[in-house]
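Take a look at the letters that make up each chain.
There are 2 protein chains.
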Amino acid sequence: MASSWVPDIDPASDFSLANIPFGIISTPDDPAPHAAVAIGSYALDLKVLTANPDLSSQLFPSIPNLPEAFAQPTLNTFAELGRPIHRQVRTALQNLLSTTTAHPSLLRDNPTLRARALLPQSAVRTHLPMAIGDYTDFYAGYHHAFAVGAMFRGPDAALQPNYLHLPVGYHGRASSIVVSGTPVRRPVGQILLDGKPEPVTAPSRKLDIELELGCFVARGNEMGRGIAVGEAEEYIFGYVLLNDWSARDVQTWEYVPLGPFNGKNFASTVSPWVVLADALEPFRAKGVEVEGRPEVQGYLREGRAESVFDVRLEVDLTTAEGDTTTIGRTSSKHLIWSFPQMLAHHTLGGCPMRSGDLLGSGTISGPGGVDERGSLLEMTENGKKEVLLAGMDARTFLKDGDTVTLRGFCGEEGARVGFGECRGRIYSALQK
Amino acid sequence: MASSWVPDIDPASDFSLANIPFGIISTPDDPAPHAAVAIGSYALDLKVLTANPDLSSQLFPSIPNLPEAFAQPTLNTFAELGRPIHRQVRTALQNLLSTTTAHPSLLRDNPTLRARALLPQSAVRTHLPMAIGDYTDFYAGYHHAFAVGAMFRGPDAALQPNYLHLPVGYHGRASSIVVSGTPVRRPVGQILLDGKPEPVTAPSRKLDIELELGCFVARGNEMGRGIAVGEAEEYIFGYVLLNDWSARDVQTWEYVPLGPFNGKNFASTVSPWVVLADALEPFRAKGVEVEGRPEVQGYLREGRAESVFDVRLEVDLTTAEGDTTTIGRTSSKHLIWSFPQMLAHHTLGGCPMRSGDLLGSGTISGPGGVDERGSLLEMTENGKKEVLLAGMDARTFLKDGDTVTLRGFCGEEGARVGFGECRGRIYSALQK
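Protein chains in written order, with the UniProt record's numbering: chain A, 1 to 432; chain B, 1 to 432.
Careful: at least some of the hints might be erroneous.
Partner residues are not named here, just some residues of chain B that face chain A (Cβ under 8 Å, in silico) [said to hold, decoys possible]:
| id | residue |
| --- | --- |
| 1 | Gln160 |
| 2 | Pro161 |
| 3 | Arg185 |
Derived by calculation from the structure, the hints in this document are not laboratory data. For every residue, glycine included, the Cβ atom is placed at its ideal position computed from N, Cα and C.
Pulled out of the complex, with its shape left as it was, chain A reads as follows:
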């Protein structure tokens, strides 16, 4: 991969020329949200870039509707154009931004356009990248499912009988998905205190995170017609980090028999830049292998073993005093089901996907110690042990004023494919 002429790209930047993730920004000159890509510490404004028809047709020949797509307040229209178009556009942008660009006069040597189209990320605001019709959260993080199951039912009954046969998942709440940086109010809910049988209504005392990979659907299937696992990659737009904030005490009381509800629907945070499926292709890995696992049903059988991605994931907790501790490090390879398998299962009965639908992987934890876990529930054994923090502090669950930042990246310095930050700060349930 060549390098980029864009100035000052840190070798550790998530947004190298090898990445080119798509997002939605508003700018001082144009407050209407519209499309951009991230490169180094800059955002390249795609609405500005494609506003000139000559330049647009030279850069993206034979994709006439791109200017309209990039002027939209979400990426759904672009996503629906399909993976061959995403690939073509990403490649053209990599060429445009490369030191070896075939078109230096278009942008690199065009100071007027550069000043308008290439903006410091610090000068733009990012927005939710997609209009999310439905959000589904799976439970494909094997070590998380095992650890949580063992905690409540013991190691011999840790996994439910269906777990190795199908990607267990549930319908989440789309309306409360927010973009990184949005503050998160501690939810009030019904909880049981001190083992008493009658609930109280109070702010959650077990506010937790869930470290997940999120997958945005590019285009939908016809209702009644499933998506074959072998074709599912063509329905995937790209990936984000996802923090599925959870109120464990609310969830414990409410979830029988129909699953999580208010314990989850107060907020879920996604990172703003969608890493295209193509950008992750070089980082394929095998998912979790379980000895003696029964053969999966035919509709879930994939043609390749390397069906997940090895994204290095980290969780930072920053206290109100400003001390930051990395409390978890793991990888997105610790999934037992791939996103194509999740899509094939989700649509097996005919459920229609739509462009912009979000699938969550479920919490991702590694097989090792507590520092490989994607939730405080696991790190603290449901509040029994403390996680030690910088600044002589410690946590069982989150305190008001805490900021949680998820990070994730693949690849070597100088050619990293990363997600940037997925960040949220907790504020008090009682704040007016």
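Add chain B to chain A, keeping to what the hints say.
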């Protein structure tokens, strides 16, 4: 209530002058979906009616944006205007359509406009009335929850410990909600056959219905701010019938520990005409009272006892041969939680509602025999007994070719407030 000059209104019509439900239609002259109300066997085209600015301002003084709202392909914009506006518009339409109308020249005595605006329902197509952001299904049908719980856990443990304390609910799938008349494909899914521990992938053998009342949200709350139970009525637009089709065998295998998923997300059918909250006001009733019930939490306490509605509900099953049997009769008063309580609980932790969100009551069954049940699961004790049908036929669960029609209405003949039909026909999982 006066009667209407609209011709040939059957006294048994659900759409008397006392009702005036809103829907979305397309017509031979205007294939773009837009707003209408139902009156007798006619649809009054509100886009045509309000296209003339003079007439619109005479009919609806001081609501200048109605023509735009009624030209939309969904009722969301109209719903967001709020209940005082819905009330004003419904009252004006009742006046316009009444034999005692103050404005006979506007429509009754205007044959040109009548021919264009007042169309037989048989000549128009109805569409999904709202763009549904999120769909939540509750479990507030007390006798259903008790009967199903008793079936699987015995009568002493029929209700889970949380059931009397909070409106149990789960997030459903919005993308597979369809309007009455849409055919429903029998879903394929993973099921356990004959008690074997390993699943097979096959068409569901336990395809069922769920008789529910659906509630559309008028307008949203700010994220992080709940809706007080006493204010929740102002957030309600209106009601429809809802058939939450269920594949019981798929659900049984998949639902632990995160709740129903593919057993539900293949289709849910709603009736096309939204009965406004105001139209149901005269039919308030007390919900289910349970002896020894613990006092509910403060945020769920309502100012009035009559917090639900007594809508008479019926379920018809029509075989492929055309024989129709009414297999269930009950009332929507058999709820233990009201929709305001559901809204207050749903938003307790700050979850944002949006205009068009759909809340399902959960299956509604009466306290009596099997003919008062809202699901075949209950009527047949999970397939152990048969429901006898006209035409020497019988069912445990649905067969391909079966049509299920839900009906519901309040009030006396000549002044009925009803929902029309919520209908769906099952076709084979194997059909190409």
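Structure-based check of each hint:
no. : hint   : result
1   : Gln160 : 5 Å, holds
2   : Pro161 : 7 Å, holds
3   : Arg185 : 4 Å, holds
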